[in-house]
Amino acid sequence: MRRLAPVLHVLGLVILIFSFTMLAPLLTALFVHDAAQYAFDESFAVTLVAGFALWLVGRRWRRELKVRDGFLLVLLVWTGLPAFATLPFLIYAPEMSFTDAYFETLSAMTTTGATVMSGLDTLPPSLNLWRHLLNWLGGMGIIVLAVAILPLLGIGGRQLLKAELPGPIKDSKLTPRIADTAKLLWAMYAALTVLCTLALKLAGMSWFDAVCHAFAALSLGGFSTHDASVGYFDSPLIEAVLIVFMLLAALNFVTHFLAFRQRSLAAYRYDPEVRGVLGLVIASCLGISLYVWQAGVYPEFLTALRHVSFNLVSIATDCGFASTDFNTWPIFAPMWMLFLSCVTASSGSTGGGLKMIRTVLMFRQGVRELERQLHPAARLPVKIGGHAVPNQIVFAVQAFVMMYIATIVAMTLVLLASGLDFVSAFSAVIACINNAGPGLNEVGPAGNYAGLNDFQTWVLAFTMLLGRLELFTVFVLFTRAFWRG
Amino acid sequence: MSPILPVVHILSKVLMLFSAAFLLPLAISLGLGDGAHLAYDEAIATTFLSGVVLWLLSRRGKRELHTRDGFLLVVMIWTILPVYSTIPLLLHMPDLSFTDAYFEAVSGLTATGATVLSGLDSLPPSINVWRTQMHWIGGMGVIVLVVAVLPMLGVGGRQLFKAETPTPMKDSKLTPRMAETAKGLWLVYALITVICILALWVGGMGWLDAIVHAFSVMSLGGMSSHDASMGYFDSLTLEIIVMLFALIAGISFSTHFMAFRMRSLLAYRFDTEIRWFFGVLGASILGLTVYLLYKGYYLDFPEALRVASFHTISVATTLGFSTTDYNVWPYFAPLWMLFLSSFIASSGSTGGGIKMLRAMLLYKQVYRELIKLVHPNAAVHTKIGAQPVPPKITYAVLAFLFIYVASIIIMSFILSASGLDVFTSFTAVVAMVNNTGPGLGQVGPASTYAVLNDFQTWVCSFAMLLGRLEFFTLLVVLTPVFWRK
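Note that the protein sequences, when read in sequence, are chains A and B. Under this note's numbering, the first sequence is numbered contiguously, ending at residue 1017. Under this note's numbering, the second sequence is numbered contiguously, ending at residue 520.
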């Protein structure tokens, strides 16, 4: 209780603040008179009261949070908020099970974008807005998580990024630092979202769709207001706009911020990840387009390029929009896209997976070991952006990557044992752990996650959470050392 | 020329020695009059003569080998001996392509056990003896490789095992140490093989079958003289004998040697891998038995236990015998078995995969990282047994695992891009890299690798060599740095 109570106090506050975000869909519902209005009334009230109660109860144990409390807080925020976020769905659609509703909201807040809902086109606009708003809020959380919290906790070699944070960060208390960082980056995030909305509107979307898709694109969530996703619009212009903003969201927001403050693009040049992200994505787009075109899926290369670019960027950045059923392409293409989703997104972005910086580090470490075979006594530092990386961080990154792979293998085996076929199980786990969204086969872009049974749904929900919280945040809570002392 | 010549000199001696290996099938062929003896005559002549020619050519470059030469020597032996091993196969079966014959020979010498041949039952007995004798010779090579050569080259943290090798090895020259270690271990290996032959013969096999299968089991290869593999005999006694010897071959031969020298079983208690080896296998067998019963594939417990234990042991130790087509089981079961094959075998055994010791180290390293998150300033050491593991070795092991996983991913992609389905590609690569033998899907236990086209066959041959030579040995030779002065 001594460990838990102060954290619950803060959690109460977070829930309290979170309840106000329900006002946006509530106002929308009032404005367009859709059927979900009362759902938001009640949800708002329940969440507000619950948050307040928790805050009140925990007040007695109030103290400054320590680094170690961070693990627990992060986990509770990311599991607690989705629980409250299910309320509008459960009230509006009583036939929806809690399992499915929780999967949907967790998918939203981890910006995964996997959905169990169909008939999105006929859903009340307020509910659709709520889904996308959750995406967007999740993205805000992730930016803080990735840029401020995880480095502080030292998850999987994240210390590497500490030096890059804007603002004074020498002090070790959790709260002031997060607040500082958050404000600056959220401003960037919000500004880009507004730009994206305007661009989408100009490209031909309605205001409502533009807002929703901008939310989903910047958070790399990938929800859509249409069952056919972006394929509904069938517009190369909209796809191009989304590609640009997805790529922006897959870069480090700290770099965006620096570039903005310096009014120069030099910041991108010094970011060790930018080159990797863009290089890998562009090379893959060209390669896969050629492959798909050669395989005769599309008669013209340009058509192939259009569809491949959009879907590949969408999956590689862990967004998850789809403009066509890429499940029908020769299997190499979608598998490659899923592979990219593991490695492409930058460390300070809203994307998921290993993150480009870890990919680069692992690659360099592999090369170093090869060289070490030949020169056992040589001192060969691993360098990122001109700086030697301390061995301890290389260690942490290696352990993280191995844990990541082990988790994929373990979760795939669990899903297989529960009766799913190999490609569905494997691709669903990859898509969920990377917070990408659609997998293949049963859970492919043309289907959704509704076909899974309750057990499988929970496994995948857990997988999304693990991926988003970078594994160790969750696993550390299962060690005895965490709860002692 | 200077780095190559001394290596070629040794290679020429190995070739001359290797030509003597054809004597056993030649004798059997002559004894039984099976009509294949001409093939061995020519094989002996060609191999021996090439040895002599190379020896004469390289005589001038003779010098003591350095560590660096070790990489080249190992790679050359493991790629060139299979070429000569194909001679009897090509001569006897003129319609066999060189690609397929080379695959068969590599599969033989790396003790993988994957085959492209069918109609094994009607092949001349001497050819079948030759196929499994390659296994057995390969097994001898593997033992020296894993116990003496790789630790000295420092491949993938193999230095860790230096302390465990049975002879005094403070001196750093390649040849005397290899010779010393080799003699002791080969003695044990040969002795156990003889016992295995006798046991199989007593268990009801003909003496020819007993030799063939004992060769196969002790090297954890997996080729058989029957298309139906061990299913041909349908004998519980034989299956138990095979399981027993597969388990023995899956344990480090250094440990066997120690036990043999000390005339006591104490050595097994100090082997850190054995507990995990039996623990994981035992749990998996019970689990899979229950799973198969639950899914209704077998109706009574003893029957399910029999197939589950035989196949789990056979696949996990990377042997690869089968008594039934486990490809038809629910995918979880065979995939779990393949998963085990990637790490179950002990570090000094004839099995493949990453080896149990590396898996243990990985587990401990990940746990250490978790503890470090809670206590960032604590000095936590990774220990194996009671010995702390130097960070340098942990590094090397983690880099090894990364290369292992990356290789599997890359080669699966290559196979699936060449037109194979994902499931077959993935399981084939895993089965090749672990030197297990049968994969799943199109290359399952009931079929052969003959379905692959030439390109895919070469990729698989490469994968077998990569796995057997523990990645770094082969990859180092392929780097430009290796060839620079």
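Because the hints were derived from the structure by calculation, they are not lab data. Owing to the predicted nature of the structure, the values given are computational and were not obtained by experimental measurement. Each residue gets a CB set at the ideal place from its N, CA and C atoms; glycine is no exception. Some hints could be false.
To be verified - Sample of chain B residues at the chain A side, in silico, Cβ under 8 Å:
(1) Met128
(2) Val409
(3) Asn412
Stated by the list, open to error - Calculated cross-link-like contacts (lysine to aspartate or glutamate; reagent style DMTMM-like; alpha-carbon spacing at most 25 Å):
(4) B:Lys330 - A:Asp601
(5) B:Lys48 - B:Asp104
(6) B:Lys48 - B:Asp156
(7) B:Lys330 - A:Asp986
(8) B:Lys218 - B:Asp335
(9) B:Lys427 - A:Asp766
(10) B:Lys330 - A:Asp857
Here is how each hint holds up against the structure:
| no. | hint | result |
| --- | --- | --- |
| 1 | Met128 | violated (33 Å) |
| 2 | Val409 | holds (5 Å) |
| 3 | Asn412 | violated (11 Å) |
| 4 | B:Lys330 - A:Asp601 | violated (44 Å) |
| 5 | B:Lys48 - B:Asp104 | holds (16 Å) |
| 6 | B:Lys48 - B:Asp156 | violated (35 Å) |
| 7 | B:Lys330 - A:Asp986 | holds (19 Å) |
| 8 | B:Lys218 - B:Asp335 | violated (47 Å) |
| 9 | B:Lys427 - A:Asp766 | violated (55 Å) |
| 10 | B:Lys330 - A:Asp857 | violated (33 Å) |
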